[in-house]
Structure formats: structure tokens, C-alpha cells
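**Q** Construct the entire structure; sequences and hints are all you get.
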Amino acid sequence: MPGRVLKLPLLLLPLSLLLMSCLTSGCGKQEQRAQNGVIVLDFWNGFTGPDGKTMEKIVDAFNKEHKNVKVRMQIIPWGTYYDKVTLGLAYGKAPDVFILHTDRLPEYADSEALNCIDDLVRLGGLQPKDFMPRAWSAARWKGHQYAIPLDCHPIGLYYNVDLFKKAGIVDDKGKAKPPRNLTEFVEAAKKLTVDRNKDGRPEQWGFAFTWLRTNAHTFLAQYGTGWISRDLKHSDLTSPNARKAFSLMTRFIYQDKICPAPEGQDAWVGFRTGKVAMALEGIYMLTSVEEQAGLHFAGAPCPQFGPVPAVWGGSHLMAMPAKISPERRSAAWTFIKYLSDHSLEWARGGQVPVRKSILASAEFRRLKVQYEFSKKLPHVVYLPQSVATNQVLPFCDACVEAILNRIKPMDEALSEAARRINHVLERS
Amino acid sequence: MKAWNRNKYAAGFLIPYFSLFAVFVVAPIVYGFFISLHKWYILSPHPTFVGFANYRAALKDDLFRIALLRTGYFVLMVVPIGNALSLLLAVSLNQGYRGTTIYKVCYYLPVLTSVSVVAIVWRWLLSSEFGIVNYYLRLLGLRSINWLSDTKTAMPSIALLSIWWGAGGNMLVYLAGLKNIPRELLEAAEIDGASPGQRFRSVTIPLLRPTILFCLVMSVIASSQVFGQTYILTGGGPYYSTLTVILYMYQQGFGLYQLGYGAAVGYLLFAVVLVFTLLQFKLLPFRRL
Amino acid sequence: MRRIRSQSKVISIKAIIAQLGMALGAVIMLAPIAWMLSTSLKHESAVLSAVPHWIPNPPTLENYISLFTQTKDFPVFRWLANSIFVSSSVTFLVLLVTSCAAYAFARLEFKGRECLFMVVIATMIIPSQVVLIPVFLIVQKLGWFNSYFGLIVPGLASGFGVFLLRQFFLTIPVEFEEAAYMDGASPISIYSRIVLPLAKPALATLAIFTFIGSWNDFAWPLIITNDISLRTLPIGIMIFQGRYTQEFGLTMAAAGVCTIPIIIAFLVFQRRITEGIAMTGLKG
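Protein chains in written order, with this note's numbering: chain A, 1 to 428; chain B, 1001 to 1289; chain C, 2001 to 2284.
Don't take each hint at face value.
[What the hints assert, rightly or not] Derived contacts from chain B toward chain C, CB cut-off under 10 Å, selection only:
hint, residue
1, Leu1089
2, Cys1106
3, Val1117
4, Met1218
5, Val1226
6, Gly1237
7, Leu1256
8, Leu1274
No lab work stands behind these hints: they were computed from the structure.
We put the CB at the ideal spot given by N, CA and C, even for glycine.
**A** Pasting the structure below:
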């Protein structure tokens, strides 16, 4: 018995070595990045849904049209995406082109991990003036350009056309009329909240909060405030305007009773299945509802709840790592320009381009929901662009959840979050 | 034996182990402290020396304090109850009833699972909608409990499953300790008219003191570092109610890549545990027989 | 006579209650694992039935089959191979390295022996999770991030192993070795040809503990691997907490794959484990 025990690990060792060699034989291909004059670029993004398929088509088209440059795309789910990008940038195995969100740009740019592309922009091929100004400046840090914005995904109003018609919320032509301001919104939502058996739990809700972070950000922006002050030095959550924004959101739930408390709700599924009549979500959710059989929906610009015209928006930026060889850099630049020039195809997958020329084109106007959402593009307010944004967002999320679900009194939640945000900002 | 050139041979036998020891046990302790004195984001071109600023910041950080308290709660739940359970199991195994070996295997089986298996299985057991625990509660006429999503029950649930997971480990140690108690002493006490309870208190426990001290010390060290269960099951939530220090360290060091701050958080825990361990040695003296 | 009879009656009632208690305890301890196995052997539709059945009716291996065939989504076979490879390597190397050191502590005399041994023991008290960040950075500097070396080498300096084996070596009668020394043998040959074979029980115990510990290790493989193809089973199966979280049958099968090999190994070698603990003389 004892002899057998000792021999077991010894036996397993060579067996598993054999196994390993068989399984790792496919590892060599990563090293071949330049074969016979063709540069192979590694392109990373997190587009795991239908948008990934759209991007795949664009990449395939690029590969067909270009003889000396080939792009190899790798899709990494957003959950682990930034881990891989950070570790890749830190330890030298970075991709040649990668997507990042505007709130991560300062962090990477400040650490000199991104390639400064001022010279490439100056050389031409892309006109800065052709870009929506807010999107263009979101890709800048401390006076230098570090990325090119591919798109903008603002938040907008998705509404169920059938439910609107049933509730009689129509214009004089009988078309469903989406609300444009707070009064119209509450009025419509009240008509759309139906509790047939009067048990206090409506079967149909006029509205529901989906992604709390973007919804809350929009309300804060419309009251002229935000998570962090404009100078990025301290949190604004304890300001009177922030209180007004959150009071309005809680009013919808607990006084107007037009939307449920978000806890345990899958609000987006509710919208897709016709149990929720209106939702504020990003343009990227478009394919999700287009695929829903039997759902007649439409898109409208986000209503004006507060005094300031503002909506949450995000942008996917295209960047290169700081350490990259000159040939790969120019090849990557060619690819980036190609993606930007083809942002209409990208828009078809549920995005809004940021090139003014494309936005003005007739083909874009034919994309109805994207076109509606794009009307708010000049009013897009991004998440704060601080090196510490990634660190403070969890506090913001927890704060919204705590307030909307009445886990904590509003003032306590706000001051707690503000305290934690300030603490991190101090540390940075 | 003594005529051998001891140092030469000893070196040969010791070098493999101690080179690994130096690089992977000693060096990290020193290097870790060094890191904690710097502001170091993984991508920054050069880390900046900041002295004890990270430690000061951590002590002011209310999330660190929350994590420390939650970890303390966890340790205070798991160590006494867990050890009491292990001792109980060991005592019952020591009685020598039929089927002891089978029982021993059953009690030890949970120890053999990885923390990710424990988490996956217990998430399924405690699922609010589909979990079997809530099913039996409803059968008894009670309401289902949102075990892992309610701030009041999340940490107790994690403590409970951790006790289940670890009881078998210390049980074997206690069993070995019980077996080493000379039968003559117990028999002498029985002849003197001591009841089983009195025998347990006056003979068994005192002789078991070294074992108990060992188990308590190791349990405190192990449970203060709780990570896997909270990382997988709740991620520190809901609302930071299950945030433990090592989880917070992981979030800082490997989530946000703030290496200096993360290291400082870890070393603060190290200091607290060290003090606690020394206290245990002082307060629970063990007498060698 | 009567007194003895009533005494034995009392004793037997106590014994019955005690044994019932022990049986109940065993059921409680086994229940979660049993439920895991039961769920893994059910059709997905049966898993979420309103009334849970402990015995799957009908039992099916389809979850395990999906687990091993859908390799694109989750390369379970690869993770299993990784776990076997890493755990075997760690076990073999730990045995090698710690037995040499333990022999030196037990039999060879050198300056600072006691002191050095105390240092080794002291490090058993150091919380290993606290130094995750510096170990990660050191391993990365060695170029071993996301590699098998990174998975295997850092855990090899096991203080427990040195402790356990030294205790055991001390119990081997010195006469065996002295006889060989008289014949002019070197310490190396005495060690390998006399001491090691005698130490098989202790080596076996250490091997089992090390193998199980390495197999179940979570925090370190989580940090040091980045590629999904390099992950060991405990880390790999975490993927089922994300996308497949509602597919409980599949998830439980994954948990099963991670656990069943270890349970089998344990059942085969369980005597060694108890003996091993007794050997360390932890009573005092």
C-alpha cells in the first residue's frame, strides 16, 4: 500500500506532462505576429452580444480590403476585460488596438500606458472637427489625444407603442406620443400603471429603473450636479441638487407609485415582456428589444426631468498601447480610421456614431431609434473623467441601491458615499 | 555520525528547501512591507514612496473598518462554535461505538472540498427561490429567508457554512489528542467516583489544553483570512455586510491594482492577528505534561 | 445483580441516543454534498421542480456529458488535466524538498539547527493570504505569471511538511543508520536507501495532504493565471456562477467533477490521514 501511494504521484507526473504537451501544441500561433510582410494586429474588445457579430463583419471587410494588414479580434467579456487589458499593458502582452470606455481613459493615460496620437491626428486622415466635440474631448487627457471615439451610446426612452395606444397617450394622428418633460412623463406613467386586482402590486408598470448607475447619473446631470465635482476634487453627492435628483427618483417609486423598487427586479425583462411601458436605457439595448417577438416599441430622446438638458452617455474609444513598434502603430492607425469611417455599419448594430458627417447622412436617419437617441448627443454628460473613477463607482452604485430600496435614509446614504469617494480622491 | 563534515552535508540537504523558502516565504514578507510604503498603481511608471500614508489612510477608511469588524464577527462566530463542534465530534468518535470509522469519514468529507465547491453548493442550497433550505422552511410554515441577499443573514450564513466546512479538520486533531490521554488517569478518576462529566472537566480538558490552544490559534489565523467564501458568494455585499479584510485587500490589489494600498491593508490585518495570537498564548497557558 | 442490570440499561439508552446523535450529525454533514450529487444527476427540468426529490428519478449523466463535450464554452477536461498535473507536481516536489530538509533537521548536526527549525515552525503561523500581493509581484518578476511554474513553485516551501517528516525521522531507531555508517556509507545513501523507505507511511500521509491541499487551492491559482486554458478546476468552475448560474444541474456537475476525485482518493487512503495527524504529536 505505501509503495503504491508513493508511485501514484510519480506515475501521474509523466502522464500529465504528455497530456500537457498535446494540449499546449496550439500555443505557438500567438508568436507569429508578422508573417511574410503581413502585419497581424491584435484587437481586443468586450462585445460579447450581437454587437460583437456586427464588429466581426466590419473586421472581416477590413481584412478583405487590406493586403498587408490583418486584424485578429479577441472578444473578452466586460467582466474580466479590464483585468486582462491592465495586466497586458503592465506585463508587455498588450493588444495593438483595444476598446476602452471614457471613464477608464484618465487612469490609463495618466500612467502613460496609452499611445499619444497627437502626431497621427495632425497628419490627417481624420478631421477632429468632424467629431462631436464632447466625444472628441473625452478621448483627451491633459491636453493630448490618446484615443479616437468610435461611437456614443446615450441613454434614451424606450416605450411600448401598444401600451401607449391602449392608454390613449397618442397625438392627433393616433400615433403614440412619448413624454418630453417631467409633467408629461408622470402623467403618462400614471395612466400606464395598471393594478387590476388592486393588491398593491401592479401587473403593469408605467416605468422601471433598469441600470441604476446610468439612470441616476442622468437625473443628477439634469439637476446640474454629479457624483464628483467638475474639478474632480470632491464628491457632490451631499449638495442640495443631488438631494433633489434623488428625491425625484424616490418620489416615482414611493409617492407617484409609477415604478417598482429596483430590488430583485429584472426591469429590462419586464419591458421586453410588456410588463413595463417605459424604460431609460442605452442605445446598445436596441438589438435586445428588436429580437423580442411581439414587442412593438419605439425610441425617443430622454425626457427632460430637471432644469438642465443632459443625458448619460458612454463612448467606446479606440486606443493603442504606449509601447508599440512604428510599423504596427501605422497599421493600427489605418485600422482605427477604417473603423471610424465605417461607424454607420457599427451604428446598425445599436450604436450612435460620433462623426457629424455620418450623423447628417440620409442612411443614418433611416435608423429610427438611433436617430431619435442621437438628438441628445450635444447634451451627453459622461461619467466623471478622473483617475479614480473606477475606484469610486462602486460607492455610487451602492448609494443608489440603498436610497431607491430604502435600505438607508437618503441623507445617510449620500453622506456615506460622499465620504468614501472623498477618501479615495484624497488617496489618489 | 558526528565525524561527518556536518555543515557540508547539511547544506546539500537544506539548500533546495531553503532557497524556495527564502524566495517565496521570507522575501514576500519583507517585500510586501516595502510595497505598502509606496503609492503604487500597477501601470504607473514608477511607484512613489509615501511612508506610512497608506496605513494612515486605511485606518481612516471606513470600509477598512467595516471589513475589520465583519472579519472579527466572522472569527468570533466560527472559532468558538467550530471548535466546540469539532471537539464534540471527536469525543463522540472516541467513545468507540460501532461504525466509528464510517462516521469519521462522513464528518471529514466537507474538509475535502474546495472553497469554490462549498460556495457553489451552498449558493444552490440557500437560493431564495429554488433552494432546498427555504423549501423545508416553507414546509414548516415559516417564511423563506433571502439568506445571501439580506444584510442581516448574509454573514451568519457564510459563518454557518464555514463551520460546516471546517469542523472535520480540527476534529481529527482533537481525536488524536484524546487518544493520547492515558487511560489509567481516566480509570483512576472513575474508581474515585467521578461522573463522566467530572472526568471530562478535570482530567480530559486539562490534558487536552495544548491541543485546544493549538486548534484555537490556527483557527483564528485561518478564519481571519476568510476570502473565498465572501468573494464567490457575495462579493462583499449586500451593502458591505460580508466585506472581509482579505477580500478588501484583493479588491484593492487585484481589482483596482492599487498594490501599495492593498499591501498596507493586508499588513494591518497581519498585525491585528499577531497581537491576537500572542494574547491567546498569554491568556490560555498550556502546561506540558 | 439488579443494580448492575439497571446500570447497563441506563448505559445502553445513553449509547442509543449518542449513536442516533452521531448518525444525525453524519446526515447533516453529508447532506449538502449528497444534494449536490443528486442535483447533478437530474435533468435540468427536474432540478427546479416544486417538490425536491433527493433521489433523481430518472438519474441521468447528461450534465456530466455536456460538461465534457462543450469544450468551447468551458474546457473542463483541460482544467481537470491542469489540476492533475499541478497537484502531482507539487506533491512530488514537496516530498523531495521537505524530506531532505527534515532529514537534515533530524539527523545532521549543524550550527543553528534549532534556531532555523523554530523559524520554519514560526512561518506556519504567518497568514499566507496577507502576502498574496508581494508573492504575485515576485513571481511576475521571475517571468512566471500565467504559467505552470507560477502555479507550482511558490507553494513548495511547506513548513508543515518539514515538521511532520522531522517528527517521523526522529522516531526511526538510530541503530539502522549507525550500522550503515559503520560500513562507510555517506549520508546521502543512508538517507535514500535506509531512511526514506522506512518513512513511507509519513511520506504517504504528507503526499495525500499536499495533493488535496494543492487540488483545492483557490486564491493563488485565481491570481496567478490569466488564461482560461491554464486554470485549475476550482477556478474554472467559477464560470458557472456567471453565465450559467441558472443551470443548476450543470453547475452541480461541475462541482462534482472537482470533488469526486478527491473523495475517492480520500476513501482509499483515509487511514493514513488519521495516522498522520497522530504522528505529529500535537498533543503537547
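**Q** Decide, hint by hint, whether the structure agrees.
**A** Going through the hints against the structure:
1. Hint status for Leu1089 (chain B) relative to chain C: holds, with the closest Cβ pair at about 7 Å, below 10 Å.
2. For Cys1106 (chain B), the interface hint holds, the least distance from its beta-carbon to any beta-carbon of chain C being 4 Å, beneath 10 Å.
3. The beta carbon of Val1117 (chain B) comes within 5 Å of a beta carbon in chain C, closer than 10 Å, and the hint placing it at the interface holds.
4. Hint status for Met1218 (chain B) relative to chain C: holds, with the closest Cβ pair at about 8 Å, below 10 Å.
5. Taking 10 Å as the C-beta contact cut-off toward chain C, the hint placing Val1226 (chain B) at the interface holds, the least distance being around 9 Å.
6. Given the 10 Å rule on beta carbons, the hint for Gly1237 (chain B) is violated: about 14 Å separates it from the nearest Cβ of chain C.
7. Annotation: Leu1256 (chain B) was flagged as interfacial toward chain C, and the flag is violated, the nearest CB pair being 12 Å apart, outside 10 Å.
8. Taking 10 Å as the C-beta contact cut-off toward chain C, the hint placing Leu1274 (chain B) at the interface holds, the least distance being around 8 Å.
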